[in-house]
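Protein chains: 2
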Amino acid sequence: MTGEDRDEGFPRNPRSILIKNALTLKKNRVDVYIENGVISEMKNRDRGEKIGVEADFVVDASDKIVMPGLVNTHTHAAMTLLRGYADDMELQPWLEKKIWPAEARLTPELVYWGTRLACLEMIKTGTLIFNDMYFYMEEVAKAVEDCGMKALLGYGMIDLFSEEKREEEIKKTEDFVSFVKNLGSPRIKAAVAPHAIYTVSDEGLRWCAEFAEEKDLAIHIHVSETRKEVEDSIAKYGESPVRHLHKLGVLTPKTVAAHSVWLDDTDIRIYRQSGVWPSHSPVSNMKLAVGKNMPYREMRSAGIKPTLGTDGTASNNNLDMFESMKFAALLQKLGGNPTVLPAEETVEMATEWGAMALGFKSGILGEGYPADIILLDTQRPEMTPLHNPFSLVVYSASGSVVDTAICDGQILMYKRAVPGEKEVLEKASLAAKKMLSGN
Amino acid sequence: MTGEDRDEGFPRNPRSILIKNALTLKKNRVDVYIENGVISEMKNRDRGEKIGVEADFVVDASDKIVMPGLVNTHTHAAMTLLRGYADDMELQPWLEKKIWPAEARLTPELVYWGTRLACLEMIKTGTLIFNDMYFYMEEVAKAVEDCGMKALLGYGMIDLFSEEKREEEIKKTEDFVSFVKNLGSPRIKAAVAPHAIYTVSDEGLRWCAEFAEEKDLAIHIHVSETRKEVEDSIAKYGESPVRHLHKLGVLTPKTVAAHSVWLDDTDIRIYRQSGVWPSHSPVSNMKLAVGKNMPYREMRSAGIKPTLGTDGTASNNNLDMFESMKFAALLQKLGGNPTVLPAEETVEMATEWGAMALGFKSGILGEGYPADIILLDTQRPEMTPLHNPFSLVVYSASGSVVDTAICDGQILMYKRAVPGEKEVLEKASLAAKKMLSGN
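Taken in order, these protein sequences are the chains called A and B. Note that the numbering used here has the first sequence beginning at 1076, numbered continuously upward. Note that the numbering used here has the second sequence beginning at 1076, numbered continuously upward.
Worth flagging that the hints you see were computed from the coordinates, not collected in a lab. There may be inaccurate statements among the hints.
Intra- or inter-copy, both count: the list cannot distinguish identical chains.
[To be verified] List of simulated lysine-lysine pairs, PhoX-like, C-alpha gap at most 20 Å:
#1 1102 to 1508
#2 1380 to 1095
#3 1095 to 1118
#4 1497 to 1303
Starting from the given sequences, assemble the full structure and let the hints guide the process.
Here it is as structure tokens:
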């Protein structure tokens, strides 16, 4: 948090927090005790139990739902600066005429404020952990650290099949991994993040696989987002992107494969065997018109646990995981089966499975787990009546129902107030103007 | 408004309102003067103009976007009581085992509080005008009147092909039309609302067409929502629902045809020739897995202006038209073309075209138009940066960005406070419990 923040009327880092009488998604009334960042005790009031111990900070949650914070497994946070800058365009002109020229004007400062804006939006909509791939990642790490969130961060390697550029990109990846190590934050982890099969050479991808194995790092990569990507891969390598990446060693139990839309049965079997985590971005897929829905049912049949991401705000255009949950559940139903991806499973995608994919012990409301918790306000029309909290969360709510956000026991938002919000909005607005004007 | 409401710190019905320095969707800075419920004057500050006259109530809108209130052209408002009661089910068991048995326990009081909850949710998410089809419509009219909104209301006629029931339903429709006439509210209009071709006999539908013509009323009906509906119609009548309804005289320039998903080219030509207004409900269509997307491009090519609806909350499960705008725009793109239904046109669907469909002079921010206006808060992460207000409205915002709602010059919400909100949430929660327990 920055020094200028005004006092928001709540302690940011109390040693202990007692959340009293909250409603769980399964409609139990519970007390939750948090000590040193961990859920140390939970009591079920429906069984007549309650927590009597006092705490540094006590929250009366009688009109709140308590649930794990959400986990966004694929985004490019600093792209908030390009929110609404270009929409409703074909993919190639959108990238070539709009997004890439703007990104060429990025600076460390712009990335810092773009990421701060993203973190603010995520906190306000209940996301506490995210997986990011972008540039100037040291600035992203600083922003995450300043906001109190958790993240898996990878420098977006793009060598464009040039040996010279590859060496530069390898250096940047190594430097960022060292930076994160030196930062020593328990909330920030480094990933290796080759952008995609069509922007990184085989040599680059093989280096990523080996470096990730050597340093025991996660891998974050775009896979089979569009039909063109698959067709080009078959034309160039004689095989699908998944088979090719598998051969190069890129698909591991710590790999997050963003999009994973255009997969065939063999690709899905490879995912299962190699332990890859697909990250589904339904909103981005629809907006960019990738033409197909991620094969969710086939993945589930194969025993895979798909996770959920927003993608960057240039192709979404928000970071609201509540909205993404609804899009995911409804997009699966569209084809003709309303029973696919029910509400409870959608919440699992966005919490427990996402946390597993990113290697964080989180996404579960239980004793011994880190206190990564959000409280939802039920005193709102869209949250009334309270027949089924899972349904309300997935089908009725937007992220604006989130009242309180606690990450590792630190209070990031209370009664919708986030310290430093005004400064972030101002600085990010200025940064967005700079990015487009180039001044 | 009810007598118990506490004072929310703003006048509900000032004679004049001055909205200062608001940003329009086209990024002009304007002053808007409202007198006796009408936008009497607008000045463009970018041209150095401003309004100097004082007003009873002045709003500094320097950090607000001003736009017309949204128009929801298809819903069943009181179904808020069933929000989250049953999801992720096949259509027939969902209707037969869950929705219909619950609806059989409806009472006038339950419908009143369900509708109040719906109106509260609509006001809080920027919808000022809606088109409703349900039961105990006198109660719906009272709720709308008490909330200050505008609505087109029709009793949902279902004769199930029985002559006896038809006579009862005709009587109920006639009674409700008289009720609305006697109510004499400038904000409430009556429609004739035969439910659908598969629940109303030809005799019933023909009566509706004649009665609507005689009384110069709008018609509200479900048309071609599912493939089964079309196949059954062809089996029974030898023609599609659209052709059959056309023959019976139900399709008029005042007819709102909800869903209109499974249409062929001839159906679309009939819509165009008869002047029918399609109401698209993308969220409901996806959730109930109707299996196809409304043929938006084909409708536009034929010169039709499609409008937007949420459908009832049992199949959505909210009334947030901002969310429905995003679903509509993205669902059209999904097939493979990201340029279809761009943001600006999506806003037209949800404002101007919707108002035309329901026969209200509204949906346009201009001198001489009724003051049906909403102000959006731009000081939020998802509304930052301000590159393109249209894009923010459709792709980034949820209804929670709405700060102020003015309908016919009456202030329904100011700084997100709606008079009587707490009472509505309490009474509607109790009503929902009653509906499910049957007590």
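Cross-check of the supplied hints:
1. 1102 to 1508: For residue 1102 and residue 1508, the Cα distance is within 20 Å only across copies (15 Å; inside one copy 46 Å).
2. 1380 to 1095: neither (32 Å within a copy, 52 Å between copies)
3. 1095 to 1118: For residue 1095 and residue 1118, the Cα distance is within 20 Å only inside one copy (10 Å; across copies 52 Å).
4. 1497 to 1303: Neither, since 43 Å and 53 Å both go past 20 Å.
This entry does not satisfy hints 2 and 4, going by the numbered hints stated previously.
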